[in-house]
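Undergrad: Throw the hints in and build the complete structure from the sequences for me.
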Amino acid sequence: MPALHAEGIYKSYESGQTFVQALTNVCLSVHAGTMVALLGPSGSGKSTLVKALGLVSPPDNGRIWIEDQLVVDGANVFGDLRHVRRKKLGFVFQRANLIPFLTAKQNVQIAGDIADTPNPGTRADELLRYLEVGHRAGSFPRELSGGEQQRVAVARALANSPALVLADEPTAALDGTRGRSVMELFRRVAREQNAAVLVVTHDHRTLDLFDELHEMEDGRLKPRGGDSH
Amino acid sequence: MNLALADIRSNVRRFIATSLGVGLLFTVVLAMAGIYGGLVDDATMLERSAMAPLWVVQRDSRGPFADQSRIDPSVVARVWAVPGVARARGLTFQVVQRRASDRELRFALVGLDWPEDDGRAFNVVAGRGLGQAKGELVVDASLGLAVGTALTLAGEEFRVVGQLHQLLGPGGEPVVLSTMKDAQLIFDYAAPDARSMERERRLERLRVTELASMAPSIEGLLADPAWSPPALPSAPINAVLVNPFDSVSFREIQAKLSGWEDVTVLTNQEQEQILLEGTVDKPKRQLALFSIILIVTSSILISALIYTTTLDKLHDIAMLKLLGASSARIAGMVLQQAWLMGVLGYALAITLGHFAFPHFPRRIVLNDTAFVGVGVLVLVVSTLASLVAVKFALRVDPARALEG
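Protein chains in written order, with the numbering used here: chain A, 36 to 264; chain B, 238 to 641.
Keep in mind that the hints were calculated from the coordinates and are not lab data.
Check each hint, because a few of them may be wrong.
What the hints assert, rightly or not - For each label pair, taking beta carbons as the anchor points, the in silico distance ranges come out as: (1) A:Gly-181 <-> B:Ile-530: 33 to 39 Å; (2) A:Asn-154 <-> B:Ala-541: 37 to 43 Å; (3) B:Val-533 <-> A:Thr-53: 42 to 48 Å; (4) A:Asn-154 <-> B:Leu-526: 54 to 60 Å; (5) A:Pro-135 <-> B:Val-533: 28 to 34 Å; (6) A:Gly-114 <-> B:Phe-592: 16 to 22 Å; (7) B:Val-580 <-> A:Cys-62: 51 to 57 Å; (8) A:Gly-181 <-> B:Val-580: 56 to 62 Å; (9) A:Pro-76 <-> B:Val-249: 44 to 50 Å; (10) B:Val-580 <-> A:Asp-243: 54 to 60 Å; (11) A:Gly-181 <-> B:Phe-592: 33 to 39 Å.
Ideal Cβ placement from N, Cα and C applies to all residues, glycine included.
TA: Structural data, given as structure tokens:
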């Protein structure tokens, strides 16, 4: 069973007086230990798909399994989506989005705390060391560089040992070198933490690091190389 | 991990500054409660200190403090003769303002039925009670007259022989105890100018009557500054304080005395009720209204700050929700900040009050009930003030965290 399996995902919304069909019959699977890229031009529906798969804005139709749990079936949601997010999902964004009044360690620890992870403080220390920012544990986000902030954000996404990490353009705010370094980090996370990682990216220079590539166009998913659908 | 504390630590100056403002408002709320407590305590203190369950006063009057009550001193002996009465003593009460030894003194002058009552029961903390029929005073310490101080009052020499601790009249004036005779002397005293004017008026009245021509010596007598009309054998008193024997119910004595046509018998509870309804009612309502305005102001202040700090954290709250934080955790963060602000403000109010209230011109009386009551009010105000922010925080869409 893949860590994420989605089929027949539809999503529409109204923008002013315009009806937008954002997603049409999207099917996607991401397996544990793999890193999958989601490519496509602006407005193609990538972020909408991430919101739908991340259970932040559930689809109008379609089915989503996280590991072996069916969480969305058509208009029905099963169980508390917030609970599923808390236990099984990790998020990384274009900006690190760290909470400014918490230190690096606290930013990671709070995610473990919310997910009821055992010893969230120890786990935070381990993750920060693992992502090579252990020495900045006591620093506030304003004291960290962009790259360091993004590493802390990745650590936060891993605090609950998620089955699936969703990353929405995580390198967009970084230069080429730092961007590649973060993508390598995701690959390491996928391999060593056995997590499924789905990354929305525009950065074609790092595509060699991905196991699968998918391209979105007008709300539809097109296979592009590798083992993609 | 406590998010509220972490957030406060990052904005500690703003938090402390606002808590200071809130604390000052709570200090005034506490002062209002204390002034009310002081009014109530002052109004009933003298009545309570007299330690008499029954007060015999002029028929249909409202007692010696709230009304003019004048009864003949012979009532004391008549009451004492009632079976079951262990003790009966007269009392006079007037608020007077006199110049004494170059100082303007305003006090509640209580005339005691000496030697039956020497004033020691009124909690004399220094010196002694009244030891002789004339020329001695026991005064409240707030008048600033030490034991042994000699002063001239009503043209007579008096000596302070004892000091009382915080014994005030129903209007908040410090109490001065004297014998009833001395009290009458002080109260009736008129200045030389006033006496000369009174003499002139008496002469004018005489001259318009036939009596002036029929008995010319009368005019000479009235014009003589050394002469004054003969006093009545005994001046009226204001009340008789009655204590029954332990074995006798005061209700029994009250029932017996109620049959007398010239007096009304009040229990000390009735006396307190009269004093509270009369002297405290309006100030109480005024203080209550003032307190309500202050509490509303405090609520708005806390509410505004908590709301703006919550607005500042919009993205962080969305992030926490995206991570799966429960509504209770989000609401708790907002509520705890409001509570902390309230508690810090209240602690400041208590501390400030501790140092400032003793210097207030009116007595501030705060008992445990008032402290707990205002404390509970602070928590309620803080909770209500944070409700708008909590509602707002709970409505934040976690998708906002994805918007960068």
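Undergrad: Decide, hint by hint, whether the structure agrees.
TA: Hint check:
1. A:Gly-181 <-> B:Ile-530: 33 to 39 Å: violated, 51 Å
2. A:Asn-154 <-> B:Ala-541: 37 to 43 Å: holds, 40 Å
3. B:Val-533 <-> A:Thr-53: 42 to 48 Å: holds, 46 Å
4. A:Asn-154 <-> B:Leu-526: 54 to 60 Å: holds, 56 Å
5. A:Pro-135 <-> B:Val-533: 28 to 34 Å: Given range 28 to 34 Å: holds, Cβ gap about 33 Å.
6. A:Gly-114 <-> B:Phe-592: 16 to 22 Å: Hint violated: Cβ distance 58 Å, outside 16 to 22 Å.
7. B:Val-580 <-> A:Cys-62: 51 to 57 Å: Given about 55 Å between the Cβ atoms, the range holds.
8. A:Gly-181 <-> B:Val-580: 56 to 62 Å: Violated - the Cβ-Cβ distance for Gly-181 of chain A and Val-580 of chain B, about 39 Å, lies outside 56 to 62 Å.
9. A:Pro-76 <-> B:Val-249: 44 to 50 Å: Holds, since Pro-76 of chain A and Val-249 of chain B (Cβ atoms, about 46 Å apart) stay within the stated range.
10. B:Val-580 <-> A:Asp-243: 54 to 60 Å: holds, 58 Å
11. A:Gly-181 <-> B:Phe-592: 33 to 39 Å: violated, 51 Å
In this structure, the earlier hints numbered 1, 6, 8 and 11 are contradicted, and the remaining ones agree with it.
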